[in-house]
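Following the hints, put chain Y in place on chain H, whose structure we already have.
Top line first, the protein sequences correspond to chains H and Y.
For our numbering, count along the first sequence from 1 and bump the result up by 5.
For our numbering, count along the second sequence from 1 and bump the result up by 1.
It is possible that some hints are incorrect.
As the list claims (entries may be wrong) - Some but not every residue of chain Y turned toward chain H, in silico, with C-beta under 8 Å:
#	residue
1	T32
2	L52
3	S54
4	A68
5	P73
6	V85
7	W151
8	V162
9	G188
10	A250
11	N283
12	P284
Said to hold, decoys possible - Think about it this way: if two alpha-carbon atoms lie no more than 20 Å apart in a straight line, the pair counts; the simulated EDC-like pairs of lysine to aspartate or glutamate are:
#	chain 1	residue 1	chain 2	residue 2
13	H	K249	Y	D145
14	H	K170	H	E655
15	H	K542	H	E171
16	H	K647	H	D815
17	H	K170	Y	D145
18	H	K513	H	E441
To be verified - Partial chain H-side listing against chain Y, Cβ under 8 Å, derived:
#	residue
19	F146
20	V352
21	P396
22	G469
Keep in mind the hints are simulated off the structure, nothing from the lab.
Where a beta carbon is used, it is the ideal one built from N, C-alpha and C, also for glycine.
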Amino acid sequence: MNAPEMIGVDNLIEKVPEERSREFERIWSQPTGFIGFFHTIDNIPIGVRYMATAFLLFVVGGFLALLMRLQLATPERQILGAETFNQLFTMHGTTMMFLFVIPFIEAVATYMLPLILGTRDLPFPRLTAFSYWAYTFGVLFIFSSFLFGVAPDGGWFAYPPLTLKEHSPGLNLDFWDIGLSVAEIAALGAAAEIIISILRMRAPGMSLHRIPIFAWAMLITAVMIIFAFTPLIVGTFFLELDRKGVTHFFDPQAGGKPLLWQHIFWVFGHPEVYIMFLPAAGIISTVIPVFSRRPLVSYALVVLSLLAIGFLSFGLWVHHMYSTGLPATALGFFAAASMMIAVPNGVQFFSWLATIWTGNPQWRTSMLFAIGFLFNFLLGGLTGVMVGAVPFDWQVHDSYFVVAHFHYVLIGGVVFPFFAGLYYWLPKITGRLMSERLGKWNFWLMFVFFNVAFFPMHISGLLGMPRRIYTYAPGLGWDVYNLISTIGAWGFGFAVLLGVINLLWTLKRGPAAGHDPWGADSLEWSHASPPPNAQFKYLPHVHARHPMWEQESLEPQDEKIARILEPVQAGPTTWRGGLVVSVMDAKPIAVVHMPNRSIFPFVLSVAFALIFAGLLVETAWLLVPGVIVGGVGVAGWFRPTKTEDNALAEMQCERTDRQLFLAVYGPASNGWWGTWVFITIWTTALFTTIAAYFYLGGGAPEMPPPVPNTLFGILALATAVLSVPAIRLFSRDIAGTAAGVRWTGLGLTALLNIAVILLTVLSLTQSSVTTQTAGGSIVVFLTGWQWLTSGIVLAMLIAAALWAWFRPADPRGWSVALNTSLVAYFAVANWLITFVILYLSPALWG
Amino acid sequence: MNPSTLDPRGPGAGAIAELWWVLFYVSLIITVLTLAALGYAIFRRRVDWRLPSDEQDRGPTRAIVFAGILFPAIVISGLFIYVVITYRAITGPGDTPFTVRIIGAKWWWDVIYEYDSPILNARTANEVRIPVGRRVSIALESRDVIHSFWVPRLQGKMDLVPGRTNRIWIQADSPGVYRGQCAEFCGLQHARMAFYVVAMEENEFEEWIAAQRQPAAAPQSDAERRGRDVYLTRGCPLCHAVRGTESLAHAAPDLTHVGSRLSIAAGVLPNTRGHMAGWISNPQQIKPGSYMPRIPLEPAELQDIVSYVLSLR
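Pulled out of the complex, with its shape left as it was, chain Y reads as follows:
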């Protein structure tokens, strides 16, 4: 689960990690050689030089030209070629029939699966599920300030800049959950704007997205029904959407299938009953300054709405 760039699980981060090791070992060798030279320079036995003539300095000058100009120029040129190769390996178009359009906002991620045929589209938030082994096209946009999409074990980061669409691909070569976090300072709760990329086998992915396309499940129990009433009447529809009800706003995460997500509050809290209750009852305590207001609820109402929300699988 640790989001280490050095523990890649896909070709994007994999190619970059290889580049890192090359840069690292080249730097290590240069460091050792240079420090050895410095050490020798410091500790060697002295010959008393007076003001050296240009003749006497010819040798040292040549050494400087070699060590400071020729050697770095050659090494850096070589590295640069490798850099270009790596760049081409990690960029380019994706190969999925859908693009995941991710719209950043303070401090959450709106995630829209877009197909050529709009009836296949789906929408979720703060979680990106992808099929294993495919280059998934990602389109990055922002509705307020600059954010940055970074999932270290899969790919390099790319900014979400208002007014433009940036595109990358991400690919996971094994199933798993990969943590990502916003990597461009976006204000008060920048530290609490995370997300998860969940890679699944292709058939499981198709099942998952088919479920995401469906409207919300109808409430099964009394608690859930009461919870739905609380949800619809206490202001939630002003910002949130639950497809299948009249709640269709998208100023906040889409909740149609929130019950099946791994986390809430943008990767900040695990999606459990306790955490959901804590979040709904007082978001300002967990993420002060976030745009979800604190709406006072009776304890019974709270329990009901939590039941309802968790039922939206």
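Excised from the complex, chain H in its bound form:
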């Protein structure tokens, strides 16, 4: 079946006057010129930059591995010394795991999700730009370590005590630890955007059971990022504090536990690999149906599998720790779970197979990569079940067998789908078709050399070769397999280069792609290639799962809906408006304002770079300017803008069902949802820290965490609870509150939060708690977490006060006040929970 002719939305008959259409295109146009480059916040140009940067990191990370393989080609080679090799394998892993795969996925989502969902941009364009700039600065930061010869060298998972100051005295691990913060922040920002975008900002009529599988995959991935990356942030924070000598979480001599790091890291690390795999699976679920000319068999089963994987992946992490000496029951549980995750993966696999079986396969390069993926992922998944078996893992853990396993699932299971996605979507992005001939060479060479490089590693691992060794003795039976792997690796490198060459050729000479070269089913193919910045000038109306295959037209069929949507068809024209729909049924509800340009995301990234560099070398000369620039960045980001004023003038803010309203404040606004995501992140961090508290306290009854001064703890609790009515004063019935009442509420809440900070500080100073022991460290950290939380509340209260002073009747001010109230309530709950843990739970130690 073919897509109906001329269904492209931008080919719809212009329904509005030309004047309005032109104004719409103008408000959606990109800033130009050199300065404009830094002001751009549109998902399309940012997406392209992001993809290009992330792909560059793939090539760089791969090159590091090629150097490693040169060293390992034969025994006792002396091309690279031990330190260099250790830096290379650490940076290879760190680059691939933190600086390539997830940023690349974020980049593809940034570019493609709005097109796939039928919207005009992601909900927080400045955050999109900030994620990209922060990522880029983070990459430069970490890689600058090579210039100083101190690249990270503790392995990509940086186990203490090796990575504590005593055994890693140089700046290597500080580059790693601080530089990672940026990957973490970018990932969390992207996750917030993706969740809010997929849940709220879709084409009208695209109900939740009609969204493409790729969108489901991204949604589940984004939720996983929230729950996986946050523990990592806590863990890396612990590590850096230990390295700076402030705390002793991981130092056994202070009662600390090296395994605490492993638990925290792998609670992140295992979901991390599914965070990488799920979007890849989403791409495969996109590509295979299109090139089999039929929808995916059993959408429901596949969505359930994705959900199951997302959920179950948080229950597997101990399989990275099988040989650390854990009790049998724990090992048994995690082995069962690790082996069982094959089931939802199996469902997806056979769904793809069934789709090909019952379809009409077209052998484009994209489809070849999908088939290559199926083969490699099958092998990787089976060896995954094998290493899930504890006794077997006791032989092959930390050997080349497991290196083979994870490269099969990461290259086979993630990189091959990325290439499938590239060959599929690049015509849309560039407007030109890639060479099928070069593409087939690209695929076959990648497939063959990948297997040549990595299959022998199963064997050398079974023959006893450990991983992360810069050389090996001859005559152990490992020599020939290492040589073959090296040849395969270099062949694979050249094969990847062919793909790059194909891309460059395409940009110069590729034939025009047209809007739908593949005859595909989803909304991005309704646009010209490349899509205009003013994508979806007329919002499409969707009433089927495969709109381009099943619908005659993308215009709203219902007169009522057409009327409701009128303000956003080729409009608004003096500000950028995005449509918000109901979560389940995608009924149009409201419009949100989206900024069109801002340099402040870039400014804020510069601030982060300065602050990170300042933390690295511990100098105020970088920290102070960093904080100042950061202040400028935040102020500029959140200041009122002209386009917002236009929006407020043109649309009303009160919630109504009869027509679209401007969602500025309250539960209909994206800011409210964003605040909830932030609170979820904060709660996850709190619970990670609480888990660490119990882990450090249990099992060593002679060194339980100390208890701070109870009197001050109770006073702080009372103060926190007292702030509840104060918060209500400034946030209840926001539109109708008198100024005096509002000011009282803001002021009281601020005072009470300051009091909480002071009282909790006193609870520590008026006790014998120090950070010299692991127990003391976690107690101080938990208390300090309250300072951070209350500090953020204070910062938001200042913002709310500024609005209340300068623009008391402005709905944007109400939005700030309401979002502040959410965080302020959370700060109360934070101390309540912390109080129970710090002061009441020691009764458990009896």
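What follows is chain Y alone, placed relative to chain H:
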């Protein structure tokens, strides 16, 4: 000598190898069947499907439920039972009257034979000698970073984690020399932290350990006597121990009977005169970054100290 997990010489590695073959053949069968299905799916003659109805997809959906849920669930459940059986076969207490306490350090292994009665204890380094046919209890600790004890032909690996003691047993069913290597990245010279497990008949083992309990043999020749003087005066006692002399530090391998060991520098070099000379004269060249400093010696001093050290049998 090749440390292959598939060439086991004891019940630990033996049970795991059996598990491997089961996993391997099950995986092979699944791979062949799945690839056959994929091949058929790719090459079968096409019927032109339009947008299939739920009716038409019922068959494929059932196939997915069977192949993707039921079949894997059953197979994995069965495998899991076998996994538990294997686990129990390779864990549990040892049956020797002694425990070998192995303390990992960067980048060597401190090996202490501990009996109930401390006068029976012995200490060596980088080599673990065991009696054939006995489950030898091993206690694993670390004095600095995480290491991992792995001797593939005898048993699965277990980490040495600072602050805790992990326990396994190893058993060799035939005499021989079995190579092991550290299997947890522990810094610069992780690649050069190997060891040997030497399995001997029980009576030979008793002779060996009795000898290990003795203090160092007195030097017999002039060279050895001069060598002892070099040893005692050029800083070696700061880290090393030779029981029977005033050199009693344990920051580095115990040298009381180093002459009878198979290797030096943690399994890196064979224990020959030439290699010993090379190691003592410049450890930084063989294992850069290791904690044994380069101490300049005159050629005569070097020859003497090598003679002395090799005499410590």
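Results of checking the hints against the structure:
Contact between T32 (chain Y) and chain H, as hinted, is supported at the beta carbon level, the nearest pair being about 6 Å apart and thus within 8 Å. Below 8 Å, beta-carbon pairs count as interface contacts, and L52 (chain Y) has one with chain H at about 6 Å; its hint therefore holds. Annotation: S54 (chain Y) was flagged as interfacial toward chain H, and the flag is violated, the nearest CB pair being 11 Å apart, outside 8 Å. Annotation: A68 (chain Y) was flagged as interfacial toward chain H, and the flag holds, the nearest CB pair being 5 Å apart, inside 8 Å.
The closest approach between the C-beta of P73 (chain Y) and any C-beta of chain H is roughly 5 Å, which is under the 8 Å cut-off, so the hint is satisfied. Because the smallest distance between the Cβ of V85 (chain Y) and any Cβ of chain H comes to about 7 Å, under 8 Å, the interface hint for this residue holds. The interface hint given for W151 (chain Y) is met, as the beta carbon of that residue sits about 7 Å from the closest beta carbon of chain H, less than 8 Å. Contact between V162 (chain Y) and chain H, as hinted, is supported at the beta carbon level, the nearest pair being about 6 Å apart and thus within 8 Å.
Interface restraint check for G188 (chain Y): the shortest CB-CB distance to chain H comes to about 6 Å, inside 8 Å, so the restraint holds. With a least beta-carbon distance of about 20 Å to chain H, the hint placing A250 (chain Y) at the interface is violated under the 8 Å criterion. With 8 Å as the threshold, the beta carbon of N283 (chain Y) stays out of range of chain H, its nearest partner Cβ sitting at about 16 Å, so the hint is violated. Because the closest C-beta pair between P284 (chain Y) and chain H is about 14 Å apart, greater than 8 Å, the hint is violated.
Distance hint between K249 (chain H) and D145 (chain Y) is fulfilled; the C-alpha atoms sit about 19 Å from each other, no more than 20 Å. Pair hint K170 (chain H) plus E655 (chain H) does not hold up; C-alpha atoms about 59 Å apart against a cutoff of 20 Å. For the proposed pair K542 (chain H) and E171 (chain H), the alpha carbon gap of about 60 Å is over 20 Å, so the pair is violated. At roughly 14 Å between alpha-carbon atoms, K647 (chain H) and D815 (chain H) fall within 20 Å of each other, so this suggested pair holds.
For the hint linking K170 (chain H) to D145 (chain Y), the alpha-carbon distance of about 12 Å falls within 20 Å, and the restraint holds. A hinted pair counts as satisfied when its Cα atoms are at most 20 Å apart, and K513 (chain H) with E441 (chain H) qualifies at roughly 15 Å. At a threshold of 8 Å, the smallest CB-CB gap from F146 (chain H) to chain Y is about 24 Å, leaving the interface hint violated. With its C-beta approaching chain Y no nearer than about 4 Å, V352 (chain H) sits inside the 8 Å limit, and its interface hint holds.
With a least beta-carbon distance of about 4 Å to chain Y, the hint placing P396 (chain H) at the interface is held under the 8 Å criterion. The beta carbon of G469 (chain H) comes within 3 Å of a beta carbon in chain Y, closer than 8 Å, and the hint placing it at the interface holds.
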